[in-house]
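Q: Please work from the sequences and hints to get the whole structure.
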Amino acid sequence: MTPSPAIPSVRLLFEEDIPGGAMWSYALKRHHTLRLTAIESGANVGAMLYNLHQPLDRLNLPDTLKAQHTAKLTTGNVLLSDMGHVLCSISADTCGWHDPLAGHSTPALVRAKYGTSTYQEDRNAFHRNARDQFLIELGKWGLGKIDLVANINFFSKVTVDGDGKMHFVRGNSAPASCVDLRAEMDTLLILNTCLHPMDPDPQYHPKPVHIAVWKSDQPAADDPCRTACPENTRAFILTEALFRSSSSSPPPSQT
Amino acid sequence: MSTLIYTESQLHPEDAVYDYTVLSGEAWMHEIAAGQSFRIVDLEGNQAVDTLFYNAHDRTDRYSAQDTIREQSSIYLTTGTKLISSEGHVLLTIVADTCGRHDTLGGACSAESNQVRYAIEKKHMHNCRDSFLLAVANSTYGYSKRDITHNINFFMNVPVTPEGGLTFADGVSDKGRYVEMRAEMDVIALISNCPQLNNPCNAYNPTPVRLLLWD
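Heads up: the protein sequence lines correspond to chains A and B, in order.
1 is the number of the first residue of the first sequence in our numbering; add one for each residue after it.
1 is the number of the first residue of the second sequence in our numbering; add one for each residue after it.
Calculated from the structure, these hints are not laboratory results.
Errors might be hidden in some of the hints.
Distance condition first, Cα-Cα at most 27 Å in a straight line; then the derived DSSO-like pairs of lysine-lysine [stated by the list, open to error]:
| id | chain 1 | residue 1 | chain 2 | residue 2 |
| --- | --- | --- | --- | --- |
| 1 | A | Lys215 | A | Lys29 |
| 2 | B | Lys175 | B | Lys82 |
| 3 | A | Lys113 | B | Lys123 |
| 4 | B | Lys122 | B | Lys145 |
| 5 | B | Lys82 | A | Lys165 |
| 6 | A | Lys145 | B | Lys82 |
| 7 | A | Lys29 | B | Lys82 |
| 8 | A | Lys215 | A | Lys140 |
| 9 | A | Lys140 | B | Lys82 |
| 10 | A | Lys140 | A | Lys29 |
| 11 | A | Lys145 | B | Lys145 |
| 12 | A | Lys165 | A | Lys215 |
| 13 | B | Lys145 | B | Lys123 |
| 14 | B | Lys82 | B | Lys145 |
From the structure, some residues in chain A lie toward chain B, with a derived Cβ separation under 8 Å [as the list claims (entries may be wrong)]:
| id | residue |
| --- | --- |
| 15 | Leu56 |
| 16 | Lys66 |
| 17 | Asp147 |
| 18 | Lys165 |
| 19 | Leu238 |
As the structure is a computational prediction, the values presented were derived from the model and not from experiment.
Backbone N, C-alpha and C fix where the C-beta goes; we use that ideal spot for every residue, glycine too.
A: The structure is reproduced here in structure tokens:
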């Protein structure tokens, strides 16, 4: 867990509030940072990540977890593609635990938990599920079901006990909890604010989040995400090799 | 570690309609019909078998590790575990298991993940991703890299701690242990018999596995 730095106003590109149960996607440029801030407690942001220029180079959570010997995500962790690249680094986090295990809600799951809710009856308050939101947002970028990968749930915590049983932990994120994703390559972010699939709350009440994007700096040679473990250092070397031909100065890890 | 429960099958290898041994470092792609029983035998012990399943009639309806563990609230797979697809279907059910538990968090090894995990120079070691890619390239199903997602690792041991730690631990399998599944729908299985030499997933000695099918 680390405090989040103040965003210099001259570097801010934009800010936006995303209501609960909504979807959003964005092409986050290399060395720009996106901050997700929980507006209320109990927020959840489902996320899938892709190399903007080659979506086959996509978030791989098994590779991410085994390389960093972790079953949770927080400051210092990097989000790895299946081609050994760092899509984004978690450069700051006041929450301490983000869930990479439990996946996302489906139409059947939301119907079973919260009952039937159609647009015809409930208009824009109708129940949303993460699967449909992912598919809609992926479709806008020419992607579809075949491109679905295991997702992260930011702000949510699922622990595993000694028998391998999974437990959702309530109250993981307080209001104003925030997490920063610094892109280390141009990254397509596919997000939604649907409820966590294991959230035990019987009421359908997805929470809003605030999004801010700013021009951050290239990670330094001693950047905490780069140096968190030798695996991360090597992943940065592989990632920065992609940009060497178009870069006027060598990346810090090469100097 | 929790107590492992072992369950035996009543099926005999001599009655099988299919019997094939996959060497380490090789792949196997094969249809399994609804109702058939499918057994994987760890012939020499502690051999990771990286496995993916697809609905034979809709390739986008495929094994989903996250849906499988969440719907059963358990990260380990063993007897009784339903292997759930991305569309919420039960592809297969594990009906016998003399190993006790299997992993689905660790994914498959690849040239690139070996570079990240072990050394930049490890790029040219054989790996499961390459076996998967060659198998789909040679198959008539029209699959590609887009179809290769997060797999099961039969006979592999990847414990997670309550604090969120994750490690590739020494195996809990042994010579002759097996896992058996019943296909609940027509599926295509894609297996890479893992060639990894950098961690204990194959006890540093990749070995053959035997695959059996019963009608």
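Q: Now, for every hint given, state plainly whether the structure supports it.
A: Checked hints:
1. The hinted pair formed by Lys215 of chain A and Lys29 of chain A meets the criterion: a straight-line CA distance of about 9 Å does not exceed 27 Å.
2. Simply put, Lys175 of chain B and Lys82 of chain B have alpha-carbon atoms about 25 Å apart, close enough for the 27 Å limit, and the pair holds.
3. With a CA separation close to 46 Å, the supplied pair Lys113 of chain A and Lys123 of chain B exceeds the 27 Å bound.
4. Our distance criterion of 27 Å between C-alpha atoms is met by Lys122 of chain B and Lys145 of chain B, whose separation comes to about 21 Å.
5. This hinted pair checks out: Lys82 of chain B and Lys165 of chain A have alpha carbons roughly 15 Å apart, not beyond 27 Å.
6. For the hint linking Lys145 of chain A to Lys82 of chain B, the alpha-carbon distance of about 22 Å falls within 27 Å, and the restraint holds.
7. As the CA atoms of Lys29 of chain A and Lys82 of chain B are separated by approximately 40 Å, the hinted pair breaks the 27 Å bound.
8. About 25 Å separates the Cα atoms of Lys215 of chain A and Lys140 of chain A, which keeps this hinted pair within 27 Å; it holds.
9. For the proposed pair Lys140 of chain A and Lys82 of chain B, the alpha carbon gap of about 33 Å is over 27 Å, so the pair is violated.
10. Taking the CA atoms of Lys140 of chain A and Lys29 of chain A, the gap is near 18 Å; set against the 27 Å cutoff, the hint holds.
11. The suggested pairing of Lys145 of chain A with Lys145 of chain B holds, with an alpha-carbon distance near 14 Å, which does not exceed 27 Å.
12. For the given pair, Lys165 of chain A sits about 41 Å from Lys215 of chain A by alpha-carbon distance, which is inconsistent with the 27 Å threshold.
13. For the hint pairing Lys145 of chain B with Lys123 of chain B, the CA-to-CA distance comes to about 18 Å; that is within 27 Å, so the pair holds.
14. For a cut-off of 27 Å, the pair hint linking Lys82 of chain B to Lys145 of chain B stands: about 25 Å separates their Cα positions.
15. A cut of 8 Å between beta carbons decides the hint on Leu56 of chain A: the least distance to chain B is about 6 Å, and the hint holds.
16. Of the supplied interface hints, the one on Lys66 of chain A holds, with its beta-carbon coming within about 5 Å of a beta-carbon of chain B, less than 8 Å.
17. At about 7 Å, the closest approach between the beta carbon of Asp147 of chain A and any beta carbon in chain B falls short of 8 Å, and the interface hint on this residue holds.
18. With a cut of 8 Å, the hint placing Lys165 of chain A at the interface with chain B holds, because the nearest CB-to-CB distance is about 6 Å.
19. The criterion of a C-beta within 8 Å of any C-beta in chain B is met by Leu238 of chain A, whose closest approach is roughly 6 Å, and the hint holds.
The structure fails hints 3, 7, 9, 12 (numbered hints given earlier, in ascending order).
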